[in-house]
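For the protein sequence lines, the chains are A and B, in the order given. Reminder that position 43 of the first sequence reads as 42 in numbering that gives the first Met the number 0, one-by-one numbering, no gaps. Reminder that position 20 of the second sequence reads as 19 in numbering that gives the first Met the number 0, one-by-one numbering, no gaps.
No lab work stands behind these hints: they were computed from the structure. For clarity, every value in this text was computed on a predicted model and none was experimentally measured. Beta carbons: idealized from backbone N, C-alpha and C, even for Gly. One should not assume that every hint holds.
Here are the simulated SDA-like cross-link-like pairs (lysine to any residue), alpha carbons at most 25 angstroms apart as the crow flies [as the list claims (entries may be wrong)]:
| id | chain 1 | residue 1 | chain 2 | residue 2 |
| --- | --- | --- | --- | --- |
| 1 | A | 57 | B | 94 |
| 2 | B | 119 | A | 31 |
| 3 | A | 57 | B | 152 |
| 4 | B | 106 | A | 74 |
| 5 | A | 31 | B | 106 |
| 6 | B | 119 | B | 87 |
| 7 | B | 106 | A | 35 |
| 8 | A | 57 | B | 78 |
| 9 | A | 57 | B | 93 |
| 10 | B | 171 | A | 64 |
| 11 | B | 106 | A | 56 |
| 12 | A | 31 | B | 171 |
| 13 | B | 153 | B | 87 |
| 14 | B | 128 | A | 101 |
| 15 | A | 57 | A | 70 |
| 16 | A | 31 | B | 152 |
| 17 | A | 57 | B | 70 |
| 18 | A | 57 | B | 128 |
| 19 | B | 153 | A | 62 |
| 20 | A | 57 | B | 52 |
| 21 | A | 31 | B | 35 |
Pair ranges (Cβ atoms, derived) [unchecked claim]:
| id | chain 1 | residue 1 | chain 2 | residue 2 | range |
| --- | --- | --- | --- | --- | --- |
| 22 | A | 40 | B | 55 | 41 to 51 angstroms |
| 23 | A | 92 | B | 175 | 48 to 58 angstroms |
| 24 | A | 48 | B | 176 | 45 to 55 angstroms |
| 25 | B | 66 | A | 73 | 21 to 31 angstroms |
| 26 | B | 128 | A | 56 | 45 to 55 angstroms |
| 27 | A | 45 | B | 162 | 37 to 47 angstroms |
| 28 | A | 44 | B | 71 | 41 to 51 angstroms |
| 29 | A | 89 | B | 37 | 36 to 46 angstroms |
| 30 | B | 59 | A | 48 | 26 to 36 angstroms |
| 31 | A | 38 | B | 16 | 45 to 55 angstroms |
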Amino acid sequence: MPSRSIWSPKTSRRTGNLLYLCLNKEENDISKVIITLICIGILILVGEVLLWRLFYTKIVDMHFPPSLDCSSIRFFSIRRMHIAVIVHAMLLLISTLFPLWLLW
Amino acid sequence: MVKYTHAPADIVFLGKDLDERCHFYFRQHWIRLFWPLIRVIAWSAFVGMALWLFVGIFSIQDASLRYITLIFLAMTWMLAHFLFLTSIYRHFLYIIVVTDQRVHRIKRTLVTHNDHQTIKLQMLQDIHKSQHGLMQNLLGFGTLTLEAQETVLKIHFTPRIAEKYERVLHIKEVERSRNKHNVP
């Protein structure tokens with residue numbers, strides 16, 4: 000199948016042109032890339048949800064008010080931890096899938 | 000002056016008696032998360048360097064080899080982050096609760112461990128704190144050792160150990176004097 004790009008692979012690979020790598024994906028490559036990225040994305044989400052559920056089942060039967068907390072880190076309540084885990088999952092998704100898409 | 004307040008009645012955890020009142024609770028010092036943080040940074044640097052070397056500089060021409068390399072690096076990156084997340088969860092599942100009657104050490108992990116060790120304040124024979132090394136003295140953490148007749152409870156990485164030591168001593172003395180007055 001002919002390449003859609005105007006750049007030659009040799010030149011662009013040598014100069015490390017990420018834009019070339021991003022645009023110069025052949026059609027059969029694109030479907031393969033998308034399926035792989037979706038699989039990795041699902042794996043990340045399943046991992047994050049599984050770890051959170053395991054943590055939540057262990058911590059849910061212990062209720063302590065924040066006023067009695069004498070730890071060195073007092074910021075993270077259960078709700079704040081949940082928000083932090085969602086943010087972490089989003090950042091992990093972006094930081095894994097975006098470079099993979101670029102460098103495929 | 001440390002303010003000693005009794006907790007509201009809605010504090011719940013497994014192993015707590017109904018008439019037991021919580022004074023305070025704490026987790027280990029944040030320094031325990033330092034090594035997992037260093038580990039995840041090192042793994043991330045390794046993945047970044049490997050991407051730069053194999054995909055950027057040497058630019059693997061073989062499609063399948065490139066595919067395998069990218070998948071391997073993505074999995075390594077994911078695993079490093081999941082291990083870091085597990086360390087954080089484990090840190091939050093290790094809780095020491097000091098009540099008017101007992102000191103509870105609740106140590107759980109995500110899957111394998113579920114420990115609960117308690118020591119009665121009445122039975123306490125000796126309490127001592129130890130801080131060894133520059134880091135422990137600079138950051139104010141250390142090991143709190145509670146000794147009863149046949150039990151020794153060591154609480155490592157206790158944050159602000161001097162304050163905790165004073166508070167446990169104070170609670171013990173208050174409870175001892177209360178029990179003396181209650182004896183007919």
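A quick look at each hint next to the structure:
1. A:57 <-> B:94: With Cα atoms ~12 angstroms apart, residue 57 of chain A and residue 94 of chain B stay inside 25 angstroms; holds.
2. B:119 <-> A:31: violated, 63 angstroms
3. A:57 <-> B:152: With Cα atoms ~23 angstroms apart, residue 57 of chain A and residue 152 of chain B stay inside 25 angstroms; holds.
4. B:106 <-> A:74: Measuring from Cα to Cα gives roughly 20 angstroms; hence the hint holds.
5. A:31 <-> B:106: violated, 45 angstroms
6. B:119 <-> B:87: This hinted pair is violated, its Cα atoms lying about 30 angstroms apart.
7. B:106 <-> A:35: Violated: residue 106 of chain B and residue 35 of chain A sit about 39 angstroms apart, past 25 angstroms.
8. A:57 <-> B:78: Satisfied, since the Cα-Cα distance of roughly 22 angstroms is no more than 25 angstroms.
9. A:57 <-> B:93: Holds. Residue 57 of chain A to residue 93 of chain B sits at ~11 angstroms (cutoff 25 angstroms).
10. B:171 <-> A:64: OK: residue 171 of chain B and residue 64 of chain A at ~22 angstroms, within 25 angstroms.
11. B:106 <-> A:56: Cα-Cα ~14 angstroms, so holds.
12. A:31 <-> B:171: violated, 67 angstroms
13. B:153 <-> B:87: Holds: residue 153 of chain B and residue 87 of chain B sit about 21 angstroms apart, inside 25 angstroms.
14. B:128 <-> A:101: Cα-Cα ~54 angstroms, so violated.
15. A:57 <-> A:70: Given that 25 angstroms is the threshold and the Cα spacing comes to 19 angstroms, the pair holds.
16. A:31 <-> B:152: The hint is violated at about 57 angstroms.
17. A:57 <-> B:70: violated, 33 angstroms
18. A:57 <-> B:128: This hinted pair is violated, its Cα atoms lying about 30 angstroms apart.
19. B:153 <-> A:62: holds, 24 angstroms
20. A:57 <-> B:52: Between residue 57 of chain A and residue 52 of chain B the Cα gap is close to 42 angstroms, so the pair fails against 25 angstroms, i.e. violated.
21. A:31 <-> B:35: Violated, at roughly 35 angstroms.
22. A:40 <-> B:55: 41 to 51 angstroms: Taking Cβ atoms as reference, residue 40 of chain A and residue 55 of chain B lie about 24 angstroms apart, which means the hint is violated.
23. A:92 <-> B:175: 48 to 58 angstroms: holds, 56 angstroms
24. A:48 <-> B:176: 45 to 55 angstroms: holds, 51 angstroms
25. B:66 <-> A:73: 21 to 31 angstroms: violated, 46 angstroms
26. B:128 <-> A:56: 45 to 55 angstroms: violated, 34 angstroms
27. A:45 <-> B:162: 37 to 47 angstroms: With Cβ atoms ~42 angstroms apart, the hint holds.
28. A:44 <-> B:71: 41 to 51 angstroms: Check failed, 20 angstroms falls outside 41 to 51 angstroms.
29. A:89 <-> B:37: 36 to 46 angstroms: At 24 angstroms between Cβs, range violated.
30. B:59 <-> A:48: 26 to 36 angstroms: For residue 59 of chain B and residue 48 of chain A the Cβ distance comes to about 34 angstroms; the hint holds.
31. A:38 <-> B:16: 45 to 55 angstroms: holds, 51 angstroms
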